[in-house]
Amino acid sequence: MHAFLIVGKNPLTVDKKAYELAKKIGDSSLNFNLQKISDCKNLLSFVKLSLSKPTSIIIKEIDKATIPALNAFLKTLEEPQKNLKFILTSTSEHKLPTTVVSRCQIIKLNEKIIMDNQKTPEFLTLTNSEKLKFIDKIKIKDEAILFTESLIYTLHALLHSDKKNMKKITKWLKLAINTHTALKANANLNIQLTQLVINL
Numbered sequence: 001m002h003a004f005l006i007v008g009k010n011p012l013t014v015d016k017k018a019y020e021l022a023k024k025i026g027d028s029s030l031n032f033n034l035q036k037i038s039d040c041k042n043l044l045s046f047v048k049l050s051l052s053k054p055t056s057i058i059i060k061e062i063d064k065a066t067i068p069a070l071n072a073f074l075k076t077l078e079e080p081q082k083n084l085k086f087i088l089t090s091t092s093e094h095k096l097p098t099t100v101v102s103r104c105q106i107i108k109l110n111e112k113i114i115m116d117n118q119k120t121p122e123f124l125t126l127t128n129s130e131k132l133k134f135i136d137k138i139k140i141k142d143e144a145i146l147f148t149e150s151l152i153y154t155l156h157a158l159l160h161s162d163k164k165n166m167k168k169i170t171k172w173l174k175l176a177i178n179t180h181t182a183l184k185a186n187a188n189l190n191i192q193l194t195q196l197v198i199n200l
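As numbered in the numbering used here, residues 1 to 200 make up the sequence shown, in order.
In short, the hints are calculated from the structure, not lab data. Where hints are given, some of them may not hold.
[Unchecked claim] Straight-line distance between alpha carbons at most 27 Å, and here's what the computed DSS-like set of lysine-lysine pairs gives:
1) 137 <-> 17
2) 48 <-> 75
3) 75 <-> 133
4) 141 <-> 131
5) 64 <-> 75
6) 137 <-> 82
7) 60 <-> 141
8) 53 <-> 17
9) 108 <-> 139
10) 24 <-> 9
11) 108 <-> 64
12) 108 <-> 163
13) 171 <-> 108
14) 82 <-> 24
15) 174 <-> 133
16) 82 <-> 133
17) 131 <-> 60
18) 36 <-> 9
19) 16 <-> 171
20) 16 <-> 53
21) 167 <-> 60
22) 60 <-> 23
23) 131 <-> 108
24) 141 <-> 184
25) 17 <-> 133
26) 163 <-> 141
27) 82 <-> 131
28) 60 <-> 17
[To be verified] Restraint-style ranges between C-beta atoms, simulated for each label pair:
29) 64 <-> 23: 45 to 55 Å
30) 80 <-> 38: 41 to 51 Å
31) 188 <-> 23: 19 to 29 Å
32) 42 <-> 105: 57 to 67 Å
33) 164 <-> 61: 48 to 58 Å
34) 52 <-> 12: 51 to 61 Å
35) 52 <-> 143: 41 to 51 Å
36) 200 <-> 102: 40 to 50 Å
37) 102 <-> 31: 19 to 29 Å
38) 142 <-> 20: 15 to 25 Å
39) 41 <-> 188: 39 to 49 Å
40) 133 <-> 52: 51 to 61 Å
Note that the structure is predicted; figures quoted are calculated from it, not measured. Glycine included, every Cβ here is placed at the ideal spot set by N, Cα and C.
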């Protein structure tokens, strides 16, 4: 295989994997920006050159390229050059045409998403509209589960420190636990988080 597609959500992890792979492939590597069809023409000029040693071209966030650019790049993938390999990165293989994906060896990164626990107490002080904006940024199930876990821990701590609002905090805690349980059972992420905000 002369092309690799690294798929992951964390750009730091993805970039690290790309450079590690490039180092394994050969002596030389270069970054290439591919977004427009003019970029692809520049790339084509380079790949026509005869390469004396193994070289890798790293194209980050290829999912941001236009369809015409991807179609032009496909022709390059269909005609592999000696001593040249492509390393592509994307947040998802589903954002790319299947014609491009089928010509790549896919490397999916098993990333652990870390939720900033310091943001959870802050979340509780927001207005409903602000809470809705907050949860709108949560797009991944694992992240939603970590968020509700963090919320549960925060509310447990509040039960011991805020005796005056114990009844309200207990209600919130039950809501958070129910949401967490539903998410782990594959309930719809957006519906569960929206209902949580409405009922808090």
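Legend entry - Those earlier numbered hints the structure runs against, lowest number first: 3, 6, 12, 13, 16, 17, 19, 21, 23, 25, 26, 27, 29, 30, 31, 32, 34
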